[in-house]
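Now for the letters of each chain:
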Amino acid sequence: MTDRGPSIRVADFVPETHPWRQWADTFPWAALVAAVDQSEARRFPTHTTRGRAPMATRVLLALELLKHELPCSDEQICSRLRTDLAVMYACGIADVHVDRFQGHVVLPEILAQFRRRIDEALMHELLTIQAAAAMEAGLVSPAHLVFDTCPSEQGSQRVNDAATLYKAQKKSSKSSRR
Amino acid sequence: MTNQLAAGTTALQAQVGGLQHDLQRMMRRFGRQCRGQGNVFVTLVRQTEQHLLEAGRQLRPLVHAAGTHWYEAKHLPAAQRERLVTKLQVALAAHQRMAKQSRRLTNGKPLPHGKIVNAYDVTIAPICKGKRNCPAQFGRKPGMIAEMASGFIVAFRLPVGNPNDLSSVRPLLDGVQQAMTRVSGRCALAIHSLAGDLALNDASWRETLHARGILTVGIPRTVEPLTPVPSQEDVRRVLNEAGLHGKRTPHQVHLACACGYSRPVVESIMASVLCRGAARITYKGHRGAVVQTGVTVMAHNAATLVRVQQNHLSTRAQKLRRLLRLKRHNVNEFNVSKN
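Here the protein sequences line up with chains A and B, keeping their order. Numbered per our numbering, the first sequence finishes at 178, counting up by one with no gaps. Numbered per our numbering, the second sequence finishes at 1339, counting up by one with no gaps.
The set of hints was computed from the structure by calculation and includes no laboratory data. A portion of the hints provided could be inaccurate.
Pairs of lysine to any residue residues, derived as SDA-like cross-links and limited to a Cα-Cα distance of at most 20 Å, are as follows [claimed, not checked]:
(1) B:Lys-1284 to A:Lys-171
(2) B:Lys-1087 to B:Gln-1020
(3) B:Lys-1284 to A:Ala-112
(4) A:Lys-171 to B:Arg-1032
(5) B:Lys-1284 to B:Gln-1089
(6) B:Lys-1141 to A:Arg-117
(7) B:Lys-1284 to A:Cys-72
(8) B:Lys-1074 to B:Gln-1013
(9) B:Lys-1247 to B:Ala-1258
(10) B:Lys-1087 to B:Gly-1067
(11) B:Lys-1284 to A:Pro-108
(12) B:Lys-1074 to B:Leu-1092
(13) A:Lys-171 to B:Gln-1033
Same shape as in the complex, but just chain B:
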């Protein structure tokens, strides 16, 4: 970046060059001391880290100096200057966060959730617990709301970092609501039930969903999932717990239980999305990840609609669609009685 500044900033360029040279020398020395030993010396790593952090302290005054020079660089267009200044500020912020995290590691304290795993994209987070003998994955955890009968994904959300799954439910339900408000010409659509795994088994969240008129039948209270065919008592209990006696009918509870959380069905939806390119995010940054996941979800939805139109669905899905009165009239079927 300093190369694009005017000729009057040679002192700054020299300082930047000196800093780069120092950093290279430190890393070279570290490599030479470790070479051929067959061991990683933790003490040496710590010492080198201290040297690097000390050298890195010179970075802040250099950035401030560069910031003032940018505004004087009249030979560059204003838009380019703004872009470069933003890039510089982002780089400085990333350096500060990494230095802070590095010091925390040096003191032997455990890291909280906001751990930086990629210097160029701080929105990525570890997505599973790592084991001692294998690397931990890091990436993103998109939350998705899908229709259980066919697997059509109605809304998705890609959070920054790895927050609690509960935090995605409200924005996703709002997304579904937005889609429903766009629909015209049909009777009023409503969300009757929401199913989820134990991650959603939170009392306050259940109450929030009940207040919106949504049953939480699919969310098991224990590790044992609810029965797909509930008895009259079960139906009454579900309606009593939700306080939705007037709003939801026993038939809707029966349907919700039939649709309720089924791991193989959910896994098949995920597998379809992952095989279309969502398994590994290749686009850069959080925006890139949103675009990649979103386009993948749309491609999956189109394939699902083709299957629905051709009736290439599982027996369970066909039954659910019949109960939901979504089954299309088969024009090729001859319905006149054979007698």
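Just chain A, with the same shape it has in the complex:
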């Protein structure tokens, strides 16, 4: 991560049977990273080379995926990247140079910015790459498929005015009884 302090080989510390290592090894990272880089280069061409060197796409993409595998927030996953060698392995970090003064590796804001750049087409492409890799490895067959929908909630509301009125009346009658 930095060029100071003694070096640690991450793969030596994370056993092959570790669930996150096995989980991370299933992804075709090279193809996924290439797709993200191509999409971003096409939609957000950089006109300058000034400023801090960008964070590797592999790290950010892995963090975004890990965030959903280990249910945690942006802050939590970024914090774990600093301290957890299994998370480092999943993010493709091979060697770590220990620096106890370094507070963070990836800021949550950078992760949010990376997520903001992912669009619908790119998301579908990433899933297509993953599915193609699984089919190519002979792990999955598209021969017999099933289709269904699952609801994802984003809020709730009263259905109509009558329901709202009914609820209000019920509430007021309860309070008057008291």
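Given the coordinates of chain A, work out where chain B should sit on it, guided by the hints.
Just chain B now, kept in the frame of chain A:
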């Protein structure tokens, strides 16, 4: 937004301030009249709504005036000006849609499907029928196509609003086709069958799928699902109905029936996706929802592949994988005869 304009637009700022003040006064008056009564007065709600709509009419000329001022604001970068103008137009469009919906409610007419439930994201729709005594959920309904043997989700689609489930099938099949075209080095892959619940029980859709060489075995014709082990007659009937005698073999029909729609299996796939964060969309907008669902699906797929590699599958899944010739050779197994 008006604060970012040049100093010459003080009149506009004053008008905007006046409008905000009027709106606040109306809402305050409405709150005072309702306070302490223990009742919600529908008439009062309607009257306030009329006042608000009348006040809102001044919004359109103000937006047009602001639009002309934006192009004169040379102190702002062009990109920022464009972004602010787009934001203004989106806000105006949202206001128009909400005013239209509000008038429809006032007249007591039922709302069609395109109901706005969130002022900041019009792509969200109610996803279930509400009851009288509890709130109705609103959100999104992603459609997914999964492999039945392991639960690997090959493609997903997140439609805008809450359209018919049938509308998602074609884009999803195209997504699967795209994934198959990327595969190289194996024999040609093909979709043999598609299973679904009664939402897909549509004659024209069945014909479309049959024309693509896809059996629709899993879709029940009645509420009674098809048997997982079909007889010779059933197989013949399925092939005759689909008109796929030359394309699909009886063995494939048997496999399709075995894989066919099973509610517990589908529920387990959904539960896995929902527990990874798809149950509640927290990212903003339609794009945000697509990203959240997509990343969740990818995380689920990776976990599924780990289970497949370790052979941590149900007996049914193991059998199906064996029939599909997907079972991996177990390197730890000693296959030499014991005799």
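- Query: Taking each numbered hint in turn, which are not upheld by the structure, reported in ascending numerical order?
  - Reply: When the structure is compared with the hints, numbers 1, 6 and 12 turn out to be violated.
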